[in-house]
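Engineer: Sequence:
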Amino acid sequence: MTVNPMRVRMLREGQSLAGPVLYWMSRDQRVQDNWALLFAQELALQHQSPLVVAFCLVRQFLGATRRQYEFMLQGLAEVEQALAAKGISFRLLAGAPPEELPRFIEEHGIAQVVTDFDPLRIRREWKAAVAGRIAIPLYEVDAHNIVPCWQASPKLEWGAYTLRPKMRRALPDFLEAFPSVRDHPFAWSHHAPTDWERAARFPAVDEQIAAVDWLRPGEQAAQRMLRRFVEDKLAGYPDKRNDPNQDGQSDLSPYLHFGQIAAQRVALEVEESGAPRESREAFLEELIVRRELSDNLCFYNPDYDRVTGFPQWARTTLDAHRRDPRPYLYSRDELEAAQTHDDLWNAAQLEMVRRGKMHGYLRMYWAKKILEWTESPEQAQEIAIYLNDRYELDGRDPNGYTGVAWSIGGVHDRAWGTRPVFGKIRYMSYNGSKGKFDVRAYVRKHAAPVQG
DNA sequence: ATCGGCTCGCGCAA
DNA sequence: TGCGCGAAGCCGAT
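Everything in the first sequence is counted per our numbering, starting at 10 for the first residue and increasing by one.
Hints listed in this document are in silico derivations from the structure and should not be mistaken for laboratory results.
One thing to keep in mind: the hints can contain errors.
[Said to hold, decoys possible] Derived CB-CB ranges, DEER-like:
no., residue 1, residue 2, range
1, GLU281, PRO194, 42 to 48 Å
2, HIS350, ARG177, 44 to 50 Å
3, TYR309, GLU345, 15 to 21 Å
4, ARG130, GLY104, 17 to 23 Å
5, ARG341, ARG191, 48 to 54 Å
6, THR11, GLN321, 40 to 46 Å
7, ASN440, ARG332, 25 to 31 Å
8, PRO247, PRO174, 18 to 24 Å
9, ARG236, ARG453, 46 to 52 Å
10, ALA169, ARG335, 29 to 35 Å
11, LYS454, GLU387, 30 to 36 Å
12, ILE143, GLN348, 46 to 52 Å
13, ALA450, GLU345, 23 to 29 Å
[To be verified] In silico lysine-lysine, DSS-like type, Cα no more than 27 Å apart, as pairs:
no., residue 1, residue 2
14, LYS443, LYS454
15, LYS242, LYS366
16, LYS249, LYS443
17, LYS249, LYS454
18, LYS445, LYS249
19, LYS164, LYS249
20, LYS443, LYS366
21, LYS454, LYS366
22, LYS164, LYS433
23, LYS443, LYS242
24, LYS443, LYS433
25, LYS175, LYS164
26, LYS366, LYS445
27, LYS454, LYS242
28, LYS242, LYS433
29, LYS445, LYS433
Small disclaimer: the values here were computed from a predicted structure and weren't measured.
Glycine is no exception: its CB is placed at the ideal position from the N, C-alpha and C atoms.
Please put together the full structure from these sequences, using the hints given.
Structural biologist: Right, dumping it as structure tokens:
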């Protein structure tokens, strides 16, 4: 047995007849270091069956833009190639999983289905719908987290401090080396190459938001980025990570979001590096505890992207300050166009619009200012999520929803001194940034007008 | 530059 | 029932 059974849940029982095993790939779009693929191969080898990987390409998924489709599709093309080298077939299905998967399963006499874990509502609705329309076993493997989400904690956590000891206890059981995908000896008779040019014409919601060119998509590029981080940046991480002018972050979040790299691979490489213990610990805290805390929020709190999901003390205090006059009021369009009085905020917004990635420290300041400058917490949260999901390469991720909920709704935070609009929600100021890094240099770098 | 108070509630010790 | 302490801060005093 290569895959720890604790990583696997059965979503639907069923008779397992003879036939191909299907891995319905969704959140974890890679071949290496993927527990869901490894588990699917294990089942296929046991039954001496072919193994097929299918991905459902959903039209206009949660407002996804050309930028994000491009990054994902190029990664998937690489997945198809790497699978082919192992004798495993790949199939791109155009349409929503509840319709496409049962049809595919029926048509090809699939015997068992494996899919990867995802705490987001829509993914769980898809799985429930698929489970209701098939008669074969459906397994779910948490291939994204190191400690499977439901093993890390059985309940909604209040903060990193309540999850951390649980993670510490569980990590030794799960932070293990990955086995390799084996050459698969049973070929699928319906193998056919994907028409990626046709797939690239698949409509995104917004074709105007262009792909970025400063980082390449795919597993290989992700591995290179990881190596660069561990060799060049990890040692200086504690000092530089909160300075947006320094290139001190890992820049791995787009790859982690699309599952083009496994957090577990990142953790293993960081642990084995020669970087100071302090640097390794600071980075692993973010990579492991905070990431898994985001999944915990989305998995156990169905209102992870709504004000009703904020803790009670935060809802009470935000309600008490609902009618406070706002120092500035901006519409969604003004914010999107980076037309506020605050040059730091505008620069952060423009960094996100142009590069598809805002510096981690500024994401907090950025979201808190949206609370301060819009009519209500509800509107602030909606706008922050809209902009984040539209421009960030790592949009539509539990980390994004959790970050917004932390900034605007005190999720995983505590109460602080009362202020207008914010109430007891932690405040962040322009002057605070000035004390931490060279704000003028950052503004000069990102607020420059577009060339040409 | 550094320090303490701000303020809430979980989780554990007692 | 009491107590320690937390996802990245702010502000004013020193």
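Engineer: Give me the numbers of the hints this structure contradicts, sorted from smallest to largest.
Structural biologist: 1, 3, 9, 19, 28
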